[in-house]
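Asker: Since the structure of chain S is already known, use the hints to place chain D on it.
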Amino acid sequence: MPLLGADPHIERIELFSTNSVLIHFDTEKNRDYRLEYANTLRCAGGCPTNTASTWVLLFHWPSSPFDNHFIVADVRTNTQRCYRLKVTP
Amino acid sequence: MTIRAPSARLVRYAAGVWAGAGLLTILPLLPTATACELCAIYSADSARGTSSAGFLFTVSEQYIAYRTVQLNGDELPPSFLDRYFRDTSITHLVPSYNFSDRLALSVNVPLVRHHFRRLELLPAGTAEEHGTEFGLGDVSVIGRWTAFALNKMDHSLFINVMGGIKTPTGDADRVRAEVEKDRALDAIYGPGHNHFVSGVHEHDLTLGSGSLDGIFGLTLSSRWKRWFLNGQFQYYLRTEGEAGFTFGDEIMVSGGPGGYIWLGDSGTLSLQFNASYDSMARDQINGDKLNSTGWSGWFAGPQLSLTLGEHFSANGGVDIPLALTNNGLQNVPNYRVHAGITFRF
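The listed protein sequences derive, respectively, from chains S and D.
If you're matching positions, the first sequence starts at 59 in our numbering and goes up one per residue.
If you're matching positions, the second sequence starts at 442 in our numbering and goes up one per residue.
Chain S on its own, in the form it takes in the complex (with noise of 0.2 Å):
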C-alpha cells in the first residue's frame, strides 16, 4: 500500500462519460495540492522539470487537517492535455 502524499503522484487518468477524463489522486494532510493542467508542453532545456509551457489550475485542495482521495472531472476539448501535480511542503 503506497504511503499517502510521500511520493505525491496522480494515480491514475481515466475516461469518463462521453467528453471527459477523471484525474485520480490522494492527498495527505497539512499539505496543499494544486491539480494543473497545460495542453501543450514545451521545453526550455531539460525536460520535464524545465517547461515553458502555460499551466492553468484545474483544482485547489489547501492544507487541510485530513487525509482525502480525490477524482477530478475535465473536460475533453482538445486532442491531448497534460497534466501535474504541484504539492507544497
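These are calculated hints, taken from the structure and not from any lab test.
Do not take every clue at face value.
[As the list claims (entries may be wrong)] Chain D regions said to be covered by chain S (calculated; three or more residues, Cβ under 8 Å): (1) 507-519; (2) 564-570.
[To be verified] Pairwise CB distance ranges (calculated): (3) H634/D with N88/S: 53 to 59 Å; (4) E69/S with S520/D: 21 to 27 Å; (5) D515/D with A110/S: 33 to 39 Å; (6) W113/S with D523/D: 26 to 32 Å; (7) H556/D with S121/S: 23 to 29 Å; (8) H634/D with P120/S: 18 to 24 Å.
[To be verified] Below, a list of computed lysine to any residue pairs in the SDA-like style, where the Cα atoms sit at most 25 Å apart: (9) K87/S with R508/D; (10) K87/S with L512/D; (11) K87/S with E569/D.
Each residue gets a CB set at the ideal place from its N, CA and C atoms; glycine is no exception.
Answerer: Frame of chain S, contents of chain D only:
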C-alpha cells in the same frame, strides 16, 4: 439544534424556563417568600397562559452559531476550514388558543435565516459560496393536553402531553440541489463516498424539509414554594421529503431546577439552570445513510423568566455545549441563544 434543519420546535409551555448553575448560590441571599410572594408565583402561571382559556401570542427567537469544525467527534486544529460557517436564526410566531386550562392548540410559523460561507465538492473541482437564505420555514400545528394538574398556593405539578405535525411549507430547493449533486458525484466516486469538503452542507441551508413529520412531546413542571423543577421530552419523527431526502429523527430532552429571585405585586423573575441533550440520527437519501450527518450533544446554561401582571411573560437564555459528537465532517454549535415573549389576551 440544530435546529440544524430548521424545524419547528414545540412551544415551551408550562413554566417554560431553563435553569442556571448560579441559582443555588444566588437564591439563599434573597428575601424569604411570603404569602403574597406565593400569590405572585400563582399569577405567573396565568401570565404564561397555562392556566386559563383564551388566546395567546408568542414570539420567540433562537440563534445558533455553527462555527466549530469537527471530524468524527473531534475538533479539528486551525485550518482553511475555519473560514466556513453557518449562523442560523429562527423567529417563531406562535398564535395559540387555550380551549380550557387543559386543552390548547398552537400554530408555529417559523421565519428562518441562514448566513453562511461554505465549500462544496463538484465533479470539476470545488466551489465556494457565501450568502444568506431567508424565508418561511415549515409550519407546525401542535396540540397540548394537560394530563395532570395540581395547582395550590405553595405547590404545583403539571404534566402535559403534546402532539402535532410539521407541514412542508418551507422551500426545500437546497435539499433537491444536494441530492442532484450527490448523484453526479456518486457517478464519479462511486456510492458511499463522503462528498463533503467543509462542515457546512447544502441541506443545512434549507428552509424546509419537504416532509410531513410527526412531533411528540411530554413536559413536566413542578413547584414547591419558590423553587421549581421542569423537564421536557421531544421527539421528531421524520418522513421522506424533497427528492428522496429524509432528515434524521431527533430527540431532545431538557430540564433542570430553578427558583424565583424576585416576587413582587407586579410580576416575578425566576432563574433556572437548564441541561439539555439533543440527538439527531443520520440523514438518508433514498434509504442510504449519509456520511457527515447525525450528531449528539449535551448543553447547559441559565435562563431568566419574567412575568408582568397576568398577561405578559418573557424569557431568555443561553446554551453552552459541554460535549458534542458527530459523524464525519460537520460544523457544530459554539453556543445557542434563545429568547421569547408571550402575551395573553
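Asker: Hint by hint, say whether it matches the structure.
Answerer: Consistency of the hints with the structure:
With 3 residues bearing a CB less than 8 Å from a CB of chain S, the region 507-519 of chain D meets the requirement of three and the coverage assertion stands. Only residues whose C-beta sits within less than 8 Å of a C-beta in chain S count toward coverage, and the region 564-570 of chain D has 4 of them, enough to reach three; the restraint holds. Hint check: H634/D to N88/S, Cβ distance near 22 Å, so the stated range 53 to 59 Å is violated. Between E69/S and S520/D the beta carbon distance is about 24 Å. The supplied range of 21 to 27 Å therefore holds.
Remark: the range hint 33 to 39 Å for D515/D to A110/S is contradicted by a beta-carbon distance near 46 Å. Taking 26 to 32 Å as the suggested C-beta distance range, the pair W113/S and D523/D conforms, at roughly 29 Å. Remark: the range hint 23 to 29 Å for H556/D to S121/S is upheld by a beta-carbon distance near 26 Å. Taking 18 to 24 Å as the suggested C-beta distance range, the pair H634/D and P120/S conforms, at roughly 20 Å.
With a C-alpha separation of about 21 Å, the suggested pair K87/S and R508/D falls inside the 25 Å cut-off, and the hint holds. For a cut-off of 25 Å, the pair hint linking K87/S to L512/D stands: about 13 Å separates their Cα positions. For the hint pairing K87/S with E569/D, the CA-to-CA distance comes to about 20 Å; that is within 25 Å, so the pair holds.
Checked against the numbered hints given earlier, this structure breaks hints 3, 5; the rest are met.
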